[in-house]
Each structure stands twice: as structure tokens, then as C-alpha cells.
Amino acid sequence: MRGSDDRRAALRSAIFDGDGQRVVAALSKGLRGDLLQLTGDGLLVALAEGAAGGVRSIYSIAT
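All you need for my numbering is the position in the sequence shown, starting with 1, plus 1.
Misleading hints may appear alongside valid ones.
[Said to hold, decoys possible] Here are the computed lysine to aspartate or glutamate pairs in the DMTMM-like style, where the Cα-Cα straight-line distance is at most 25 Å:
1) K30 / D42
2) K30 / D18
3) K30 / D7
4) K30 / E50
5) K30 / D6
6) K30 / D20
Just so you know, the hints here were simulated from the structure itself, not pulled from any lab data.
Model the full structure from these sequences, guided by the hints.
If you want it as C-alpha cells, here you go:
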């Protein structure tokens, strides 16, 4: 369970800092159903920052 908490913390931190590249890095490790709201918030941050290439790679993981 600790790894799960670490991933959640890393994603929250990246979103709070507005760091789209870190958001993409955190999400590229796989999407989790229990983090859907946080994932959506993170993707908005990444898109606003222009990390679109990374967002496309995450989309390919999810589909």
C-alpha cells in the first residue's frame, strides 16, 4: 500500500506546483481507478502547461 500512497503524494505535489511534466511522469506509471478525479486535475495542469506530447502518451496507456 505504501507505493500507492507515494504515487498519490507525487501526483498531488505535481498538481499543486503546477508542474505539467511531473504530472505526466506520475501518470505515465499507469492510471488507477481510485485516482480519477486527481488524474483529471493533473491532466488539466499538464495541458495548460503545454505538456501535450506527454498527455497523448498517457492517453495511449489508458486506451
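Evaluated hints:
{"no.": "1", "hint": "K30 / D42", "result": "holds, 17 Å"}
{"no.": "2", "hint": "K30 / D18", "result": "holds, 19 Å"}
{"no.": "3", "hint": "K30 / D7", "result": "holds, 12 Å"}
{"no.": "4", "hint": "K30 / E50", "result": "holds, 20 Å"}
{"no.": "5", "hint": "K30 / D6", "result": "holds, 14 Å"}
{"no.": "6", "hint": "K30 / D20", "result": "holds, 16 Å"}
The structure agrees with every numbered hint stated previously.
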